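There are 2 protein chains.
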Amino acid sequence: MKTECSNADNRGSVLSLFFEPKTVAIVGSFREGFFGGYVAIKSLMEAGFTGTVYPVNRNYTEVLGWKSYPSLSDIDGSVDLVIVIINSKGVFDVVEEACRKGIRAAVVVSDGFAERDRSGAVLQNELVALAKERGIRIVGPNTAGVVSSWEGFNPCPYDAGYYRLKQGSVAICSQSGMTNPQAFPYPASRLGISRICDLGNKCDVDECDLLDYLENDARTTVVSIYLEGVADGKRFLETAERVARKKPLLVLKSGRTAEGARASASHTGSMAVNDMTFDAACRQAGILRVDEFADLFDIPKIFSMQPSIKGNRFGMVSYTGGMGVMAIDRGASYGIVPASLSGKTSAFLDSFFPGLGTNPVDIGPMAVSIKNFREVFPQIEIAVATDPEVDCILNVLWCDIRGESSRAYLEGFSRIREVCDKPVVSWMYGPNVEICSRIAAQVEELGFPCFISSERAMKAIGMAWTYELFRRKLVA
Amino acid sequence: MKTECSNADNRGSVLSLFFEPKTVAIVGSFREGFFGGYVAIKSLMEAGFTGTVYPVNRNYTEVLGWKSYPSLSDIDGSVDLVIVIINSKGVFDVVEEACRKGIRAAVVVSDGFAERDRSGAVLQNELVALAKERGIRIVGPNTAGVVSSWEGFNPCPYDAGYYRLKQGSVAICSQSGMTNPQAFPYPASRLGISRICDLGNKCDVDECDLLDYLENDARTTVVSIYLEGVADGKRFLETAERVARKKPLLVLKSGRTAEGARASASHTGSMAVNDMTFDAACRQAGILRVDEFADLFDIPKIFSMQPSIKGNRFGMVSYTGGMGVMAIDRGASYGIVPASLSGKTSAFLDSFFPGLGTNPVDIGPMAVSIKNFREVFPQIEIAVATDPEVDCILNVLWCDIRGESSRAYLEGFSRIREVCDKPVVSWMYGPNVEICSRIAAQVEELGFPCFISSERAMKAIGMAWTYELFRRKLVA
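Chains as they are written, first to last, in our numbering: chain A, 729 to 1204; chain B, 729 to 1204.
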């Protein structure tokens, strides 16, 4: 059954039913509230889903304008996907009915299965047996579900307060609801999303099935995945390596320690693998193993928004000398070294202000001294970005409360966009977080990713370089 | 001269003139703008400074209501501190005049000294010789200056858009302007501050002088310091160890790598020490060495807002099981282990919801199932916080957009405040960053620090435990 998803052509993949359904049945309670079937339909509508929705509940005739059906069997047309949000005890019957109806994909949001207790584990085993026997694929149980931004498909069962996700090419996968819209502030992160999937207890569809699908998903160019354990270590590494050859794959795996692994087992019932073995295997397979939750969401930006990195020499344009030293330290841990600017660039920069022509380029003293910073900054940024001795650029830029420096930065970013084919990452800092966020959003609109610290921006460069080295090894 | 500041009684310390001046002369241009003497006086006034300000500039008769003087000598009364914000070439003469006037403390904001070029280094050497000969103490040059929140003393020469800092007991020191109000969003961080000091090029007053002062500063209970290098490694470690015995001292030292050290030398002209030696010495001396810029600002909260930690067993109340596993992994790196709840607590929790009585306590499934979460949550929080098997508490709490869960949390925090003598740290997460920030601010108003991630909250616990172990070694 699992091999169904390993075909190179995604059109045949059953998993496309989860991410690109045209017809969706939602079995649940439709009381208004912050959680449940009502919210799932509301989310779909607000997200701009253009497919057909079938609410299923015998107590309703209509939900948010959609005709409601007493049961799945009562639906006339075919159904690509059923989303089940009812008490765990009733799930088996609904999924069995779905099988009878010819439905091939089910998201079981309901909890109270293997993660809860022994009787829940029994319910889950019955579900697994049903899936094996009847060929229906199940995401979950105990999941916050799936999202596809391009299709306007966001059946989030919790009210996140926002419904449309920024369309992009990053897939976020997890074994936890923590990466779904109700838990993570996607709008504030400005991350462009292709798919989101919480595998939950992964009783059937697991990380390998998902990676098989994402490998060939044209919408997805970068994959982030959070795992507490892997069902089949060998298969995971084979699958992940195949994905990593095509697109960057970031993996955050918890359960590193004995205590963590035990907790993981009790949380989702998944098995842990020896962490050091896993770590070594990841390096071998070109998997970018990360160690912080935030890594899943901001590191992908350098891959989805920027060209690949061709070398390990970073140029830095910084409003503050202190951050330059820290960035150099941080870079060293990824094999990233400060570039020596070419004589031409150096002389050009020195012509604006004494001492400016040294990397890291400390623009702070100049900025308070000259009157035409807005004209000068773009020239400096272009000079550093186009220097052949520089492979990537880290900007650390102060956003004053009047927005004067910011105007210079935006002008600079607009102009380097036309001349620079290297990764450019930035940290916009300052005394007012709203102003910094606004400027960072504008910089990202121009195509250049911003990070919440200089360290995180450098980490993105380091990950890009790690991936580039892996790709070179493949070609060699 | 330097020994002046090593007296145990701070009243005699010359450095108190920098942080608690009653009369301040500001030599600079007073044009309105985003930087300079005008802004420094505006900042002082808005911050509520109650001392006397003497603007010094022969082109003005009055600045922001304060009579302006042509020169320092023209001021009638005595002056505790002079702040110099003029072109580097004129600084020597002003400081010399300050000496003649009997002023014993000068902050030289001006840049263009050793950090710039050779001629700047000559100017700096002249300044150092003057200080040595005449006994005036100098902070800087190339500094954003000093701040004392309790005294309303904030002469920030850049317009930060805010002027009053939240009064607290954390001192933030640096060799960079990055920790001063114009660069760091103190209001958003909600950090309670005692002093801020940018040592700049530290031509005279250095980190040791500053630590000598802060050691005996009653306003300060925690010290964070960013250093690129130390002038005298032996003296620094002796001083730092003495401080660490009295209050937690967090040190972020850059220039760890050879490249970083070189950049540091060119940035502020300070010498670097061998990093591994420094690291070992820090551990020995009880100094909490940190590795990220953000550490300087949020880790201190656990020390300034919470009781000391008595053991290494953490209890966790989490809306999400996934974060529990990650927290356990993270904790292990600091020697923090998950507590086994006592039978009594466990049974009590299980009575609310099946499976709840296991640490990490996963409240998510219960929260969507029960109707009286607001009544139940505080009881759960109290049960975990008062369990004798638990030494500290990590909360990972989802903030829904309707604020319903938040009300339960605030009720819980209000109540544990009265019964819990253990550190409690929290991460408030959710789909809306403004809502999360607002709830976090309310939680901090109740006295419990909030962090921007589960990892950072656990790092704070780890640092608290590291410090506790150091203190125990001292007593033993």
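Bear in mind the hints are in silico, worked out from the structure with no lab data behind them. Hints are not guaranteed to be accurate.
You can't tell identical chains apart in this list, so a pair holds if it fits in one copy or across any two.
Okay, derived cross-link-like pairs now, DSS-like style, lysine-lysine, Cα gap no bigger than 27 angstroms in a straight line [said to hold, decoys possible]:
#1 LYS860 - LYS770
#2 LYS1099 - LYS962
#3 LYS1099 - LYS817
#4 LYS1150 - LYS975
#5 LYS817 - LYS975
Predicted model only: the values in this text are computed from it and were never measured.
Each hint tested on the structure:
Taking the shortest alpha-carbon separations for LYS860 and LYS770, neither the intra-copy value of 32 angstroms nor the inter-copy value of 73 angstroms comes in at or below 27 angstroms. In this assembly of identical chains, the alpha carbons of LYS1099 and LYS962 never lie at most 27 angstroms apart, being 62 angstroms within a copy and 44 angstroms across copies at closest. For a Cα distance limit of 27 angstroms, the shortest separation of LYS1099 from LYS817 across copies, 20 angstroms, qualifies, whereas the shortest one inside one copy, 72 angstroms, does not. Within a single copy, LYS1150 and LYS975 get their C-alpha atoms as close as 18 angstroms, which meets the 27 angstroms cut-off; across copies the closest is 46 angstroms, which misses it.
In this assembly of identical chains, the alpha carbons of LYS817 and LYS975 never lie at most 27 angstroms apart, being 40 angstroms within a copy and 56 angstroms across copies at closest.
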